[in-house]
Amino acid sequence: MEYIFHILILVSIYGILALAQNLVMGGAGLLTIAGAAFYGIGAYAAAILATKFGFNIFTTLIIAPLVAGLIALMVGSTFARFRDDYFMLATLGFLMIFNTVVRNWESFTGGSYGIAGIPKPHVFGFVFDTPLSFVFLAVVVLLIVTAITYFISRSSFGRVLNAIREDEDALAIFGYKTSTYKLMAFSIGAALTAWGGVLFASYLTFIDSRLFTVNESILLWAMIILGGIARNRGALLGAFLLITVPEALRFIGFPVDFAALLRQCIYGLLLVFLMLYRPKGILGKYKL
Amino acid sequence: MIFWQLTLYAISVGMFFSVLAMGWGLILRSAKFFNLAYGGAFLVGGYMMFLFYRMWNVHFVFSILLSLFGSGLYMLLSYKFIFSVLLRRKAKSLILLIASFGLLTATSAILGMIFGNQSTLIARHLSDIYTVNVFGAVLNLAQVVAIVFVPVLIFVFAYIRSSTRFGRAMRAIEDDSEVAELVGIPKDKTLLQIFFISGTLAGLGGIAEGFDLGLIPTSGLIIILPTIVATVVGGMQSFWGGILGAFILAIAQQLTIVFFGGSWVQAVPFVILIIMLLLRPQGILKR
Amino acid sequence: MTTTGKVIVWGVVAVLVIWGIVSMSKKDGTESETIKIGFIGPLTGDTANIGQNAQAAVAIAVEEVNNSGGVLGKKVEVVYEDDGCNGATAANAVSKLINTDKVVAILGGACSGATLGSAPIAEAAKVVQLSYCSTNPTISSAGDYIFRDVPSDLFQANYAAEYLVRNGKTKVALLTVKNDWGDGLNKAFTDALAKAGGTIVIADSFDPDVKNLKAQFTNIKAKNPDAVYFVAYTDASIAGLKQASDLGIKAQFFGADAWDDTKIWSELGSLGNGAMFTVVGTNSTDAFKAKMKVKLGKDDLIYCSNYAYDGLKVIAEAIKLARRATGPAIKDALYKVKYTGGVSAKELMFDKNGDPTSAAYVIKVAKDGKLSELAQ
Chain P
439 MEYIFHILIL VSIYGILALA QNLVMGGAGL LTIAGAAFYG IGAYAAAILA
489 TKFGFNIFTT LIIAPLVAGL IALMVGSTFA RFRDDYFMLA TLGFLMIFNT
539 VVRNWESFTG GSYGIAGIPK PHVFGFVFDT PLSFVFLAVV VLLIVTAITY
589 FISRSSFGRV LNAIREDEDA LAIFGYKTST YKLMAFSIGA ALTAWGGVLF
639 ASYLTFIDSR LFTVNESILL WAMIILGGIA RNRGALLGAF LLITVPEALR
689 FIGFPVDFAA LLRQCIYGLL LVFLMLYRPK GILGKYKL
Chain L
23 MIFWQLTLYA ISVGMFFSVL AMGWGLILRS AKFFNLAYGG AFLVGGYMMF
73 LFYRMWNVHF VFSILLSLFG SGLYMLLSYK FIFSVLLRRK AKSLILLIAS
123 FGLLTATSAI LGMIFGNQST LIARHLSDIY TVNVFGAVLN LAQVVAIVFV
173 PVLIFVFAYI RSSTRFGRAM RAIEDDSEVA ELVGIPKDKT LLQIFFISGT
223 LAGLGGIAEG FDLGLIPTSG LIIILPTIVA TVVGGMQSFW GGILGAFILA
273 IAQQLTIVFF GGSWVQAVPF VILIIMLLLR PQGILKR
Chain A
-8 MTTTGKVIVW GVVAVLVIWG IVSMSKKDGT ESETIKIGFI GPLTGDTANI
42 GQNAQAAVAI AVEEVNNSGG VLGKKVEVVY EDDGCNGATA ANAVSKLINT
92 DKVVAILGGA CSGATLGSAP IAEAAKVVQL SYCSTNPTIS SAGDYIFRDV
142 PSDLFQANYA AEYLVRNGKT KVALLTVKND WGDGLNKAFT DALAKAGGTI
192 VIADSFDPDV KNLKAQFTNI KAKNPDAVYF VAYTDASIAG LKQASDLGIK
242 AQFFGADAWD DTKIWSELGS LGNGAMFTVV GTNSTDAFKA KMKVKLGKDD
292 LIYCSNYAYD GLKVIAEAIK LARRATGPAI KDALYKVKYT GGVSAKELMF
342 DKNGDPTSAA YVIKVAKDGK LSELAQ
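Residue numbers (my numbering), protein chains in the order written: chain P, 439 to 726; chain L, 23 to 309; chain A, -8 to 367.
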């Protein structure tokens, strides 16, 4: 039972991440690999504030998105002129630099030791330290993020974003300041991603830089694409499948070291076949 | 003395990435997508060399030829069964990129299952790779071969590109593949050849890595990122751009280790990349 | 939703439901009849051999304890969990052991990162955690409930520094891998060398997946040190020692316990000649080695497994001494226990940091692909 709670928590956290990044990738059509960086920024903001300054995790749920959003605003405005592949490369660069800085800045981020002993959230004397209570917390945050992303995709702001994705030049001719819209989407996406990071840090109580690498960003991509890009429902389904299916494979009973590689192999082939036979994903409407 | 030694090291690392960037750039310019499966060909070449040369004691020259053929074939088959299908469908470059990433992941995992996660070295005895004194600095055999042989390879390629039928077909496809097809250039056949050649170049890199440092299944992804950066920094649309980028990268890495320390080296290619994209997004060299 | 999608979703749901029923039905009964102890270690991944080896050693120790009457009249039961050698998975595993399995003590983890990541949870829950393989110095201050029977890297670094200075190698270059293990040894060695009267002439580090250390060694060569303290795992050690030998660095190469891997020396052959390293001594018996062989089906004993075996025994001893199987009681008893006749060290006692009071090291030296112990 505890194990199922654990899986539910992970699905919720990755659901948050996938929804948030889907807003950037699916909504605005910006190819970003910086997902893991904002995930990490959220986690580190919570961890540092909680362990060094004694903040409650609930307080960091408010501060961390602001930090991530501000950083995204700065990064995004620097990268504003890049499109498509170039934007992807630039965000990859940002992620790699973030990772290296975290690993080397020992006095602030714990360096290669990471940060241990991150507290669980507590409110009015109630501590979310059992898996079941944490499931509730994670699901509530997930619902909030779902609501926000649905609201955005139905709003006029969301419609402009979608139009930018389809034909940015045309929209620019109509007088929309497309770069501002993209920057907004990038920052909101980063801020929501940070929530996933806060929950993750508080749930595991330990983080280090190895948790926020390119592989994590690519996992988010895979979730969004598998479920169906530009569909909020798709991002949720993708997160659910890519967390639960590998966990299920764990129990089929291969030798342990082999099982990890087999998972990786299946995951790789899945991507290839998906691209060949169903590039819009399971629930997708929008074709990549 | 340090300066001379580090210069030689930078040159040999630059040669290594030149070969990789040259092969990767071929696909980028002709098929117009970021082919991460290139890292898979790198691994296939290296591990095949290990299998033939070290495990089965095949003669050095035969082992190299077989491994290069193997890595070329890997790339060719990937084109035949995956990328050509997607290209014909006019899929977006993102789809091709993701498919190639999937292929790289699967290839690394399969090689990991066969050869294990620990470092695999090709040399039968490490002491066989003896050292040579070059005006007071030291280079080992593998580095000397790289510094002597790679420039030859580069110029042969430049010649093929500029003066042969295949080279002209290649350039026509790079310019505009649809026009090229209209004037009777066999696009599919030329692309097959390009993928094969690109694969052999990746395989060559893999073999060099296996002799010099040892291969691990994740080497494919580790090596492809700086290769991409070198190509983009030097100029994606230019044949010489990737080579220039490779040397810039090699020099920058050495300087970082000397002035900042080894733990910052991973970030260097990407700092250069971002600066470059901001200042001159088309890369240093234009077409 | 398409048919394929539905099939996948329902398949997954079915698996999860079956699982839930199975895991719930297991929970009934047996609660108070046994004393439960948790075990964490890397059972998957590239360090899985360490965890699996230690698991076998613990299984042997449990059989022995139970065959000789158990503890407080009850049988001991060990719950094994994978920590994947990283703090995040370990934290998860430990909270599962404490909350679900209600263990009274935890053995592990093996990797320092895993132990550091999970220690705060054990500390907060007042459950004793005893590591059998984590040597990072910071574990000493990880908490009151955190113990280890394997000596801290401080001892190893001290031993290496004193040995080098005693043999006239006072100018030392330092090159360490950039992770918790390498950074820990880096700091410990820097302090120890200064105390012993030597100087660090140059210090640098490198990322764990990097094997090209040519520029670092070029810098080191220019400083002309008497010795190089080179802390790396197998892959980087093979490549790095070859690069150093290419450059013709004549200094004494000195490494840490990860060099106790025959692959390094068989690959390097004569190039590794003269390289030395420290490794924790063990008090292993032939009887124990034979039991391990039966358990594993092959002749393979990693030194940590000696400590894992003794770790279980010493916890059992502490429970007997405390006459109660509760966290605080076991903790207090562990600070008083004096355990002898183990396979790791002749005598095991804990100091106020929960570290062993004494540490025995041996120095091994490589020659033509073979290792031999250096006569002291």
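These are calculated hints, taken from the structure and not from any lab test. Think of the CB as a built atom: it goes at the ideal place given N, C-alpha and C, for glycine as much as any other residue. Misleading hints may appear alongside valid ones.
Stated by the list, open to error - Within a straight-line C-alpha distance of at most 30 Å, the following computed DSS-like cross-link-like pairs (lysine-lysine) qualify:
1. LYS66/A <-> LYS241/A
2. LYS343/A <-> LYS361/A
3. LYS211/L <-> LYS615/P
4. LYS490/P <-> LYS178/A
5. LYS558/P <-> LYS337/A
6. LYS211/L <-> LYS112/L
7. LYS214/A <-> LYS490/P
8. LYS27/A <-> LYS186/A
9. LYS114/L <-> LYS718/P
10. LYS723/P <-> LYS112/L
11. LYS112/L <-> LYS54/L
12. LYS558/P <-> LYS66/A
13. LYS723/P <-> LYS211/L
14. LYS558/P <-> LYS254/A
15. LYS66/A <-> LYS254/A
16. LYS308/L <-> LYS718/P
17. LYS284/A <-> LYS327/A
18. LYS490/P <-> LYS241/A
19. LYS308/L <-> LYS558/P
20. LYS286/A <-> LYS27/A
21. LYS186/A <-> LYS214/A
22. LYS87/A <-> LYS490/P
23. LYS209/L <-> LYS615/P
24. LYS117/A <-> LYS558/P
25. LYS329/A <-> LYS241/A
26. LYS558/P <-> LYS186/A
27. LYS114/L <-> LYS490/P
28. LYS65/A <-> LYS93/A
29. LYS718/P <-> LYS112/L
30. LYS718/P <-> LYS102/L
To be verified - Covered, in the sense of this in silico footprint (three residues per stretch, anywhere, with C-beta under 8 Å from a C-beta of chain A), are these stretches of chain P:
31. 543 to 553
32. 640 to 647
As the list claims (entries may be wrong) - Derived Cβ-Cβ restraints for the label pairs, each shown as a range:
33. PHE612/P <-> THR186/L: 24 to 34 Å
34. LEU508/P <-> LYS284/A: 57 to 67 Å
35. LEU87/L <-> LYS337/A: 30 to 40 Å
These are the hints, each one checked on the structure:
Note on LYS66/A and LYS241/A: the hinted pairing is violated, with a Cα-Cα distance of about 58 Å set against a maximum of 30 Å. Taking the CA atoms of LYS343/A and LYS361/A, the gap is near 39 Å; set against the 30 Å cutoff, the hint is violated. The hinted pair formed by LYS211/L and LYS615/P fails the criterion: a straight-line CA distance of about 45 Å is larger than 30 Å. The suggested pairing of LYS490/P with LYS178/A holds, with an alpha-carbon distance near 22 Å, which does not exceed 30 Å.
Pair hint LYS558/P plus LYS337/A does not hold up; C-alpha atoms about 42 Å apart against a cutoff of 30 Å. Between the alpha carbons of LYS211/L and LYS112/L the distance comes to roughly 18 Å, so the proposed pair stays at or under 30 Å and holds. A hinted pair counts as satisfied when its Cα atoms are at most 30 Å apart, and LYS214/A with LYS490/P does not qualify at roughly 39 Å. Distance hint between LYS27/A and LYS186/A is unfulfilled; the C-alpha atoms sit about 44 Å from each other, more than 30 Å.
The suggested pairing of LYS114/L with LYS718/P holds, with an alpha-carbon distance near 12 Å, which does not exceed 30 Å. Simply put, LYS723/P and LYS112/L have alpha-carbon atoms about 18 Å apart, close enough for the 30 Å limit, and the pair holds. Taking the CA atoms of LYS112/L and LYS54/L, the gap is about 11 Å. The hint holds against a cut of 30 Å. For the given pair, LYS558/P sits about 34 Å from LYS66/A by alpha-carbon distance, which is inconsistent with the 30 Å threshold.
The hinted pair formed by LYS723/P and LYS211/L fails the criterion: a straight-line CA distance of about 35 Å is larger than 30 Å. Proximity of LYS558/P to LYS254/A is assessed by CA-CA distance (about 44 Å); at most 30 Å being required, the pair is judged violated. With a C-alpha separation of about 41 Å, the suggested pair LYS66/A and LYS254/A falls outside the 30 Å cut-off, and the hint is violated. For the given pair, LYS308/L sits about 35 Å from LYS718/P by alpha-carbon distance, which is inconsistent with the 30 Å threshold.
Restraint check: the Cα-Cα separation between LYS284/A and LYS327/A comes to about 33 Å, which exceeds 30 Å; the hinted pair is violated. For the hint linking LYS490/P to LYS241/A, the alpha-carbon distance of about 46 Å lies beyond 30 Å, and the restraint is violated. Distance restraint check for LYS308/L and LYS558/P: the Cα-Cα separation of roughly 55 Å exceeds the 30 Å cut-off, and the hinted pair is therefore not satisfied. Between LYS286/A and LYS27/A, the direct Cα distance comes to roughly 22 Å. Compliance with the 30 Å bound is thereby established for this hinted pair.
Straight-line distance between C-alpha atoms of LYS186/A and LYS214/A comes to about 21 Å, which keeps the hinted pair within the 30 Å bound. Restraint check for LYS87/A and LYS490/P: the C-alpha separation of about 26 Å stays at or below 30 Å, so the hint holds. Between LYS209/L and LYS615/P the CA atoms are separated by roughly 40 Å; this puts the pair beyond 30 Å, and the hint is violated. Between the alpha carbons of LYS117/A and LYS558/P the distance comes to roughly 16 Å, so the proposed pair stays at or under 30 Å and holds.
Between the alpha carbons of LYS329/A and LYS241/A the distance comes to roughly 46 Å, so the proposed pair goes past 30 Å and is violated. Of the pairs offered as hints, the one joining LYS558/P and LYS186/A is violated, with about 41 Å between alpha carbons and a cut-off of 30 Å exceeded. Note on LYS114/L and LYS490/P: the hinted pairing is violated, with a Cα-Cα distance of about 47 Å set against a maximum of 30 Å. A hinted pair counts as satisfied when its Cα atoms are at most 30 Å apart, and LYS65/A with LYS93/A qualifies at roughly 16 Å.
Pair hint LYS718/P plus LYS112/L holds up; C-alpha atoms about 14 Å apart against a cutoff of 30 Å. A threshold of 30 Å between alpha carbons decides the hint, and for LYS718/P with LYS102/L the separation of about 22 Å falls inside it, so the pair holds. Counting residues of the stretch 543 to 553 of chain P whose C-beta sits closer than 8 Å to any C-beta of chain A gives 5, which meets the bar of three, so the coverage hint holds. Chain A is given as covering the stretch 640 to 647 of chain P, and this holds because 5 residues of the stretch bring a CB closer than 8 Å to a CB of that chain, at least three being needed.
With their beta carbons about 49 Å apart, PHE612/P and THR186/L fall outside the hinted range of 24 to 34 Å. Between LEU508/P and LYS284/A the beta carbon distance is about 60 Å. The supplied range of 57 to 67 Å therefore holds. Taking 30 to 40 Å as the suggested C-beta distance range, the pair LEU87/L and LYS337/A does not conform, at roughly 60 Å.
In this structure, the earlier hints numbered 1, 2, 3, 5, 7, 8, 12, 13, 14, 15, 16, 17, 18, 19, 23, 25, 26, 27, 33, 35 are contradicted, and the remaining ones agree with it.
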